[in-house]
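Enquirer: The listed protein sequences correspond, in order, to chains A and B. Anchor point for the first sequence: position 120 equals 119 in numbering that gives the first Met the number 0, and the numbering is continuous, going up by one each time. Anchor point for the second sequence: position 123 equals 122 in numbering that gives the first Met the number 0, and the numbering is continuous, going up by one each time.
The set of hints was computed from the structure by calculation and includes no laboratory data. Treat the hints loosely; a few may be bogus.
[Said to hold, decoys possible] Computed beta-carbon distance windows for the label pairs:
(1) G102(A) to F191(B): 34 to 40 Å
(2) Q152(A) to E435(B): 37 to 43 Å
(3) A29(A) to E505(B): 46 to 52 Å
(4) S55(A) to L56(B): 41 to 47 Å
(5) M615(B) to D143(A): 19 to 25 Å
(6) M615(B) to R106(A): 47 to 53 Å
(7) D143(A) to Q271(B): 17 to 23 Å
(8) L65(A) to D157(B): 48 to 54 Å
(9) Q136(A) to W333(B): 42 to 48 Å
(10) D143(A) to K425(B): 35 to 41 Å
(11) W333(B) to S55(A): 15 to 21 Å
(12) T170(B) to S55(A): 43 to 49 Å
(13) T72(A) to W333(B): 20 to 26 Å
We treat Cβ as the ideally placed atom computed from N, Cα and C, and that holds for glycine.
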Amino acid sequence: MDFEPSKLAETIEENGAGASLISVLEKVQARYRYLPREAMILVSEQLGVPLSQVYSVVTFYHAFSLVPRGKHTICVCTGTACHVRGAVQVLNRLETKLGVESGETTRDHEFTLETVNCLGCCALGPVVVLDDEYEGQMTTRKVDKLLKRAMHQVGGER
Amino acid sequence: MIELRNPQALVDYRQRIRAAADPQRRRIRVCDGTGCRALGSRKVLVCLQDTLREAGLADKIEVVPTGCPGFCELGPLITIDPEKIAYNRVSVDDVPAIVAKTIAQGEIIDGLVFVDPVTGQTIIHDNELPFYTKQMRRVLELNSEIDPTRIEDYVAQDGYAALSKALHEMTPERVIEEVKQSGLRGRGGAGFPTGMKWHFCRQSPGDVKYVICNADEGDPGAFMDRSIVEGNPHSVVEGMIIGAYAMGATQGYVYIRNEYPLAVQNLKIALQQARGHGLLGKDILGSGFDFDIGIRVGSGAFVCGEETALMASIEGKIGEPRPRPPYPAQSGLWGKPTNINNVKTWANIPLIVRNGSAWFASVGTEKSKGTMIFSLVGKIRNTGLVEVPMGISLGELIYDVGGGIPGGKEFKAAQIGGPSGGCIPKEHLDVSVDYESLTALGSIMGSGGLVVTDEDTCMVDLARYFLAFTQEESCGKCVPCRIGTRAMLETLERICAGQGREGDIEYLIEIGQEVKRSSLCALGGTAPNPVLTTIRYFRDEYEAHIYDKQCPAKVCKGLITYEVVAELCTGCTVCARNCPVDAISGEKGQPHVIDPEVCTRCGVCEALCNFDAIVMH
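Start from the sequences, fold in the hints, and give me the full structure.
Expert: Here is the structure:
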């Protein structure tokens, strides 16, 4: 989605004048999947918060991204339970198959690969989440199947 | 929605709800928590509704989505009332049989009931499952009974009765006294007496005060708080309103992780319902007391679980901790007196006010009262959520409740308290689970994460894992935590890579103690615990890594090699085609060879080989 200043102003207004900086940034990020430079400047002006503070908040919290993210997110849980059950192998396989490191986005902007510290469904470890869909008891083989399905879906959207 | 303007209106409302529901009615409860959802419980729930509709039973039999009962290992879980028939690992394919046999004829389906893996005994009713009978479920009791999105279900189970009692029959001081007498201590990990904390906040001068619920459950391998907010959000809301009344606060916040979307959603619904019924907002239950609660969703920073960092985050700043004093009770959110408690602490409050402090304190040890909730994960048979009395032995918790270690493996250690805690080895399995006893062994009670390890877990790797976590999550404000954890991590990474040196262990102990002593907040103050306790109890494993260049559990990549067993290899080329670094070579139909110089020990070849022809040394 391209950046539209008028829509952003609406988002900020919805939150009221005394809105928390973080809540507003979360809404902006939810809309554009990242925080465009222009958006951060506008948030700073509208909320009366120095741009330096906006930048410090954005770079401090994991949830914010300064670069455009993929249409789909593949998230590998690396919580303790998943770790002791082999989450590292699952992550390695995804990195190899997608050709990106954790935290990066594929060149076609379809997939962003990331890790999360714990999703709290430890009985199913290792867990991978494709967008909102949880996949439990992942193995190297199941990663291949999951990717095949995801790629197929992407192909269908086009 | 009915607005409840006085205590009698609440009582009448409860009676109307109870009268409308026959306790002997047939209904199907389906776990709708994150764990079971990931296993497909939503599909089962929808399929049950559809099948009942087709059978013309939709208006007779209710399908109730509930919170997490805790037995995540066997999900999706469903329970059929009034008999309480417990079915586990239910799939969509089982639904027609459940409706045709169990619902229509009361017949039990063999393949869906629990079979005790030790005794081979079949157990049909959920209240007879050993996993539940060994527990003492107080806070978690309603999780599996009510639909968390229906306030009626909570009210029917005496919900908000404690609030009504506190507002109309007790002074704020009396409420604080009751909490003090109960002996309740903070369930977030530090174990500070809750009543004292409330007392300090009440005493603190100021017209504006805040209460906060810390639901920023960041420990990897812990999901107690998530399950309570998801499964019984009104218990937390009720606890917070009572606390606000006792301390004189007018506004509350729940700070919750953004990784818990279902918990956020159910909490939002609960707050709206409470407001709609006059239980939140102006003039609560006609008492003249005003209080409201807002939600703040965290943005993925572990350090925000620390109270001063959490408050900074609510204020819209970066989540950096600050030195204490001043404590939040004096100067907290926006400089006003503030009280922060964990989800579990708040959820205990309505029970204490309703049943009395003596009831609460009847369970536990001299200094640790009540129950504690743990999430049992790792190498344990019954992965899930359990609530046990304080003072239970670690052995009972792991073997009787948790079902022991699967696959005939041997128990090695339990890591309690996540990245801030320490491990407890098998020689201390008889330790009493309470604040003081765990601290004496170098661990902490923590918030409730309990990771079980077996003989296949490398304790050096586990220590490295936790330290890598805290190092990454260190906010960087204070030097001991920022530099100290990095120095420790580099040393551990070296040891795991097979490049450990003489003196490394002593170096880790020295820096670890210094980081503990001089860090600004609890993140740094507890970060060395996993390293120090694994050295204390498993020094031999460190020595094997450093001096013998061996990883006894065969986990550390730098100390293992992969090899092709020529007799088993068929030359199918799967491994060679999938090796990410082209370390495998060989002709089609001929045994392949792995070049150890190129191999990165990723394990893909071993995982993909169809003939078990690749082994690890």
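Enquirer: Let me make sure I understand: some of the numbered hints might not hold for this structure. Which ones are they, in numerical order?
Expert: 2, 4, 6, 7 and 13
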